[in-house]
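As a plain string of letters, each chain reads:
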Amino acid sequence: MIGDLITASVLASGIRLATPYLYAALGETFGQRSGVLNLGVEGVMLMGAFTSLWAVHEFTPAGATGYDAGALAMGVLVAILVGLIMGLATAVINVTLQAEQGISGIGIYLFGLGMSDLLFQKVFGGNVVTVNGFPKVYLPVLSDIPVLGEIFFRQNLLVYFAFALVPVTWFVLNKTTLGLKIRAVGQNPEAADAMGISVARVRYFTVTLGGVLASLAGASLSISLVNVFQQNMTAGQGFIAVALVYFGSWRARGVMFGALLFSLVNALQLQVRTKGIDVPDEYAAMAPYVLTIIALVFASQRIDQPAALTKPFERGE
Amino acid sequence: MPPNLFHSPRLDRAIDALMPLIAVLLALLVGGLMIVLMNANPITAYRGLWDGAFGSKNAVADTLVKATPLLLVGIGICISFRGGVVNIGGEGQMIAGGLVAVAIGLGYKDADPTLVIIACLVGSFVAGAVWGGIAGVLKAYFNVNEILSTIMLNQIATFGMMYLVRSEFIDPRQKGAAAPIPETERLPRQFDLPRIGGALDDLYRWLGLSGEGGTQWGTTLLHNGIIIALVLAVLVYVLLWRTTVGYRIRAVGKNPRASRYAGIPVRRYMVLSLVLSGGLAGLAGGIQLLGVRHRMNAEGGAIAFTGNAGFNGIVAALFGGLHPLGTIPASILFGALLVGGNKLQRTVQVPSALITALIGLVIVFVVGSDIFVRRRSRRRVTVSVAEATEAAEVRASP
Numbered sequence: 465m466i467g468d469l470i471t472a473s474v475l476a477s478g479i480r481l482a483t484p485y486l487y488a489a490l491g492e493t494f495g496q497r498s499g500v501l502n503l504g505v506e507g508v509m510l511m512g513a514f515t516s517l518w519a520v521h522e523f524t525p526a527g528a529t530g531y532d533a534g535a536l537a538m539g540v541l542v543a544i545l546v547g548l549i550m551g552l553a554t555a556v557i558n559v560t561l562q563a564e565q566g567i568s569g570i571g572i573y574l575f576g577l578g579m580s581d582l583l584f585q586k587v588f589g590g591n592v593v594t595v596n597g598f599p600k601v602y603l604p605v606l607s608d609i610p611v612l613g614e615i616f617f618r619q620n621l622l623v624y625f626a627f628a629l630v631p632v633t634w635f636v637l638n639k640t641t642l643g644l645k646i647r648a649v650g651q652n653p654e655a656a657d658a659m660g661i662s663v664a665r666v667r668y669f670t671v672t673l674g675g676v677l678a679s680l681a682g683a684s685l686s687i688s689l690v691n692v693f694q695q696n697m698t699a700g701q702g703f704i705a706v707a708l709v710y711f712g713s714w715r716a717r718g719v720m721f722g723a724l725l726f727s728l729v730n731a732l733q734l735q736v737r738t739k740g741i742d743v744p745d746e747y748a749a750m751a752p753y754v755l756t757i758i759a760l761v762f763a764s765q766r767i768d769q770p771a772a773l774t775k776p777f778e779r780g781e
Numbered sequence: 006m007p008p009n010l011f012h013s014p015r016l017d018r019a020i021d022a023l024m025p026l027i028a029v030l031l032a033l034l035v036g037g038l039m040i041v042l043m044n045a046n047p048i049t050a051y052r053g054l055w056d057g058a059f060g061s062k063n064a065v066a067d068t069l070v071k072a073t074p075l076l077l078v079g080i081g082i083c084i085s086f087r088g089g090v091v092n093i094g095g096e097g098q099m100i101a102g103g104l105v106a107v108a109i110g111l112g113y114k115d116a117d118p119t120l121v122i123i124a125c126l127v128g129s130f131v132a133g134a135v136w137g138g139i140a141g142v143l144k145a146y147f148n149v150n151e152i153l154s155t156i157m158l159n160q161i162a163t164f165g166m167m168y169l170v171r172s173e174f175i176d177p178r179q180k181g182a183a184a185p186i187p188e189t190e191r192l193p194r195q196f197d198l199p200r201i202g203g204a205l206d207d208l209y210r211w212l213g214l215s216g217e218g219g220t221q222w223g224t225t226l227l228h229n230g231i232i233i234a235l236v237l238a239v240l241v242y243v244l245l246w247r248t249t250v251g252y253r254i255r256a257v258g259k260n261p262r263a264s265r266y267a268g269i270p271v272r273r274y275m276v277l278s279l280v281l282s283g284g285l286a287g288l289a290g291g292i293q294l295l296g297v298r299h300r301m302n303a304e305g306g307a308i309a310f311t312g313n314a315g316f317n318g319i320v321a322a323l324f325g326g327l328h329p330l331g332t333i334p335a336s337i338l339f340g341a342l343l344v345g346g347n348k349l350q351r352t353v354q355v356p357s358a359l360i361t362a363l364i365g366l367v368i369v370f371v372v373g374s375d376i377f378v379r380r381r382s383r384r385r386v387t388v389s390v391a392e393a394t395e396a397a398e399v400r401a402s403p
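The listed protein sequences correspond, in order, to chains S and H. Anchor point for the first sequence: position 265 equals 729 in this note's numbering, and the numbering is continuous, going up by one each time. Anchor point for the second sequence: position 247 equals 252 in this note's numbering, and the numbering is continuous, going up by one each time.
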């Protein structure tokens, strides 16, 4: 029975389903490392999901049967733009206006939840619209490797890009001056400020980047994984992404393993359902959350957490 | 030195209290812009919203019914935020409360209705308190961020509910069906929370206010949950500002370190804040079940049962200045927005999702404007310190 469940195609879908978690959680890692908790990821994801689908739908030439590269590029571009705007707005609220981050995030979430649905109702009348999303790209040679090729190297561009972001995030945070500044601002903003680093500017950068990546996370759902938009289609994935950052103790690699854990469970659930095996899949659905809480217990015993997380910074006179 | 007219404390407090109202006006302004972009007339839309919420006895009753869970969750939020813990777990706590209430109600179908209703409500409070208490223990003793744990607990409660409603709790009539609807049996009608419209009409008549027809509230869906919520709001006010326990909750929220030196068991009070706040959200779930839904349904996840009240209650509390009595009008305001928003969809073809977006904007504006209140209060402190120093110097000089 286990053999029926864990097949190469299930593992491949597990890899694929990790994409939205990866974008959103890596973006959130930048923000949290600089001391800002952005709980509004879910809302930004929904906005990204809707707007990118709209763009792909809008720019696909009438009568096209397959995917349209130009339209897909527009979809990604629009998602980036929307993420930029919402990320900047988040930065204004959390950095300049020094809002309580746990609550302002709920505000951004509700705004995104309502706004994406509003646009969906208005533009498409709430009807399901399917688009031709990103096609699979078989990497030469690699995709021919038995089993592994099917699991890892027959994915689409947004999937490859998401996994490529993991080492990039690690590199930027640990090996560049920018990363040093980000960590300094998250650890000890007063000292960073005294060193001549602009705390506000660094946090504006990380929070806006987080917004862009959250929006891409939404796009990776609507124009790469499922190719439709539905009201509240993220169903809590943005909140999980926030927790994944704690789960992975603020490191890119840890975040990736957390994302894979959740996505593999998701893939298994789908498989259980299609096979019609009589296991209550709510148990499987619940498991990652329980695991996260347990992981949080252990994570909190370590001292990795950026010391200034959720604490607004105000320059003394 | 003449008294400074522009630093009257009463005026200061009035300006502070106006801040959230300004935030709502701003949000409505942005909302108006959004309505214009949707090719509708914002004035017609807002009038439709008002009529939908307050235009008739039925509308007012709907608004009050919608405000009830917001008020209960909101006064719980007042406790937790005053106690320094952020409870985002209202959704899960409401579901826990609803589940326990439905289990008790279906388990004792033939028992005395009054007793069962009381047992359901107490049970739902306890369920929510346990669900909130888990996050409290995790925070106090394991240093787990309560924002994250409550969010996780929301999801766990939702999936737990979906599982139970599909299996153990499913309506026996659905069991054999080809495509069973995942829902419980409807609770026996004698367990519905009593409607209070008839009593209200009697009161009107007794006061000599009843106009044409006489019965006006009797046909509305208004149930006595709102009265329970109002009484509890007053009790929470008394708890927070008139008892030692409340004083300690607030002390822990203001300054945990100083509280510890003062001998307050800080951890226990953190747990207590989340237990009480979760309990009130659980009760909101119980009242939602007995007063509105009468059964649990697994379709549509959490929102279908809670109507997002676990989140919207936070907004109401913030808007009410984290004061239980201030939360009363705030809950009614947001209840009105939600009810009016639903009707908006039918009258001016503006989707009710607009209201969700608007509520999000209100939160953002309220927490964003808080900095101005804080700055003003700091300036006030500086000014009064300067005045005090000056006065002391005058006294000291011969």
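Just so you know, these hints were derived from the structure itself, not from any lab. From a predicted model like this one, the values you see are computed outputs, not experimental measurements. All residues carry an ideal CB built from backbone N, CA and C; glycine is no exception. A couple of the hints might just be wrong.
In silico contact screen, one side only, chain S against chain H (beta carbon under 7 Å); selected entries [stated by the list, open to error]:
{"no.": "1", "residue": "Val474"}
{"no.": "2", "residue": "Leu475"}
{"no.": "3", "residue": "Gln562"}
{"no.": "4", "residue": "Gly571"}
{"no.": "5", "residue": "Asp581"}
{"no.": "6", "residue": "Gln585"}
{"no.": "7", "residue": "Val587"}
{"no.": "8", "residue": "Phe703"}
{"no.": "9", "residue": "Glu746"}
{"no.": "10", "residue": "Ala748"}
{"no.": "11", "residue": "Leu755"}
{"no.": "12", "residue": "Ile758"}
{"no.": "13", "residue": "Leu760"}
Hint check results:
Violation of the interface hint for valine 474(S) is found here, the shortest Cβ-Cβ separation to chain H being roughly 21 Å, above the 7 Å cut-off. For leucine 475(S), the suggested interface contact is broken, since its CB lies about 24 Å from the closest CB of chain H, more than 7 Å. The beta carbon of glutamine 562(S) is positioned within 7 Å of a beta carbon in chain H (closest approach about 5 Å), and the interface hint is therefore held. A hinted interface residue such as glycine 571(S) counts as satisfied when its beta carbon comes closer than 7 Å to some beta carbon of chain H; here the least separation is about 3 Å, so the hint holds.
The closest approach between the C-beta of aspartate 581(S) and any C-beta of chain H is roughly 4 Å, which is under the 7 Å cut-off, so the hint is satisfied. Evaluation of the glutamine 585(S) hint against chain H yields a held restraint, the C-beta minimum of about 4 Å falling below 7 Å. Look at valine 587(S): its Cβ only gets to about 10 Å from chain H, farther than 7 Å, so that hint breaks. Using the Cβ-Cβ criterion of 7 Å, the hint placing phenylalanine 703(S) at the interface with chain H is satisfied: the shortest such distance is roughly 5 Å.
Among the interface hints, the one on glutamate 746(S) holds; its C-beta lies about 4 Å from the nearest C-beta in chain H, closer than the 7 Å criterion. A least Cβ separation of about 9 Å between alanine 748(S) and chain H goes past the 7 Å threshold, and the interface hint is therefore violated. Restraint check, leucine 755(S) versus chain H: the minimum CB separation of about 9 Å is more than 7 Å; hint violated. This hint is violated: isoleucine 758(S) has a C-beta 10 Å from the nearest C-beta of chain H, more than the 7 Å allowed.
Of the supplied interface hints, the one on leucine 760(S) holds, with its beta-carbon coming within about 5 Å of a beta-carbon of chain H, less than 7 Å.
Figure legend: structure checked against the earlier numbered hints; hints not met, in rising order: 1, 2, 7, 10, 11, 12.
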